[in-house]
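First to last, the sequence lines map onto chains A and B.
Note that our numbering numbers the first sequence so that position 154 is 154, with each residue one more than the last.
Positions in the second sequence are counted from 1; adding 1000 to them yields our numbering.
Just so you know, the hints here were simulated from the structure itself, not pulled from any lab data.
Don't take every hint at face value.
[Claimed, not checked] Chain A is nowhere near these chain B residues, computed Cβ spacing over 10 angstroms in every case:
{"id": "1", "residue": "C1073"}
{"id": "2", "residue": "H1112"}
{"id": "3", "residue": "D1149"}
[Stated by the list, open to error] Simulated coverage check for chain A against chain B, where a stretch passes if three residues somewhere in it have a Cβ under 8 angstroms from a Cβ of chain B:
{"id": "4", "segment": "20-32"}
{"id": "5", "segment": "115-127"}
{"id": "6", "segment": "142-153"}
{"id": "7", "segment": "200-213"}
All residues carry an ideal CB built from backbone N, CA and C; glycine is no exception.
Chain residues, written in single-letter form:
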Amino acid sequence: MSEAVVSTRVRLARNLKEYPFPIRLSADRAKEIVEKIDAALKDCGIRFHRIDLGAVSETMKVALLERHLISPDFVRGQEGRAVFLSDDNSISIMVNEEDHIRLQVIRDGFEPDEAYEIADKLDSELSKKLDFAYHEKLGYLTQCPTNLGTGMRASVMLHLPALEITGAVHRIGSNLSKLGLTIRGLYGESTKPVGAFFQLSNQVTLGISEKAAIANLKNITTQLISQEMKARENLLSKIEVEDKIARALGVLKTALVIDHSEAMSLLSLVRLGVASKKLSTLSTDSIDRLIVEIQPATIMTKYGEDMTPQERDIKRADMIRERFN
Amino acid sequence: MLCQHCKKNEATTHVKTMINGEYAEYRLCPECAHELGYDSMFPDFTADFGGLLGSFLSAALPARSGATHCKLCGSTMNDIKKTGKVGCSECYDTFFSELMPTIRSIHGNTAHIGKRPVIEYETVDDKPAKKQGESLDALKAQLKKAIEDENFERAAELRDKIKEMEA
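Isolated chain A, as found in the complex (with noise of 0.2 angstroms):
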């Protein structure tokens, strides 16, 4: 599974009963909120840390959008908005997003069932604290009735270069949507699929069991991948792709200059060639940290937030060349 599964992530969307949704908060209010909130994480057994997003850099906030443990709407972070993160950042918590409370639980690979073990043991806590906005009929109540029912979202981030190449993944996406699933880019609505990366999710969240949407995640993830592997196969079977990937290797090794989109691309056709066995370099784990440690906030909040756009290829050059050398 890991040479297409980078990680997976589940989400649950929870709103209080007595507070009006976001769209309709006052700041005050939200500010209660996350109050709340924060007083009934203390003792959950879990330890968090708190970021108020009015109270940090707008690279600080795009290098949490980076890491997924925001969402890119909340970049647009105003008074009364708040993130909790656990000491290793695999639970974030963000406060009066589209909801009152964001939970999200992120694993290396592929791990549905265990992040949403975590998720679960995390909400029916806070549920004892908090009163939760619930339906019979409807289930959690929730600002977008897209995610009325179990307010839940598990994704899975996918590497799918040779489905790309091909296409296919054009005609996949648009028969996903007959299966309660979609496809997207690398940082979730909207956004572009950057160096074959994408989300699988579930979509569909009311009349379907937490457990049922992660089983048919589950079953389409494992389907998937393995039509990834024969288009693999077809693929590096031809000299010109299996050239191509061995050049990326050497560009990766030697450049002393490289943006974010030429490095992904880069990146992600070493990422084929090591999984396929082509290359032995770094491991797909390695590869994937690299992954994240290179985009351009995730850079500027560690060496520096002055950092021109060249300043910073250089820097992702070197750590790139640092890391393969």
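Chain B: place on chain A using the hints.
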């Protein structure tokens, strides 16, 4: 023509879109088009959802009925139609019959069958009892509500639970 987003570069991309059910056109430079996701190779499933929902609602609702405002948040059905977002949990009760056609068109004619909130145990007379939910009377009340809501899956589940407790 200059890009309507950054107002600096020459616009080369012509975007036609629906926002909240209203047709809109933009002219964008390549950078802004990229930034806003308009060069995505996949159709955008969610960004324009407000528009989609708005149009669903208008189609499903020739006339408004019942209450005009939600008691908790003050939303009107028009507010919900305009944004595609529901104002608060109370709105789902206030505008239940108006919202149902949209909910059905998204999820199908169905009812929730997943997790329910965990309600904390409260000790009464040294005997643990659920605040609500698990006592026989509470289950019977829930059954009545489930039937009223036409949530028959839930009703069947409750009926079995009650039978089990009474046995």
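Evaluated hints:
At roughly 4 angstroms from the closest C-beta of chain A, the C-beta of C1073/B falls inside 10 angstroms, breaking its exclusion from the interface. The non-interface label for H1112/B is inconsistent with chain A: the shortest C-beta to C-beta separation is roughly 3 angstroms, within 10 angstroms. With a cut of 10 angstroms on Cβ distances, D1149/B falls inside the contact zone with chain A, its closest approach being about 4 angstroms. Judged by the Cβ-Cβ criterion of 8 angstroms, the segment 20-32 of chain A is covered by chain B as claimed, because 4 of its residues qualify and three suffice.
Chain B is given as covering the segment 115-127 of chain A, and this holds because 4 residues of the stretch bring a CB closer than 8 angstroms to a CB of that chain, at least three being needed. For the segment 142-153 of chain A, the assignment as covered by chain B holds, since 9 residues bring a beta-carbon within under 8 angstroms of that chain's beta-carbons and 3 suffice. A stretch counts as covered by a chain when three or more of its residues have a beta carbon under 8 angstroms from one of that chain; for the segment 200-213 of chain A and chain B the count is 8, and the coverage holds.
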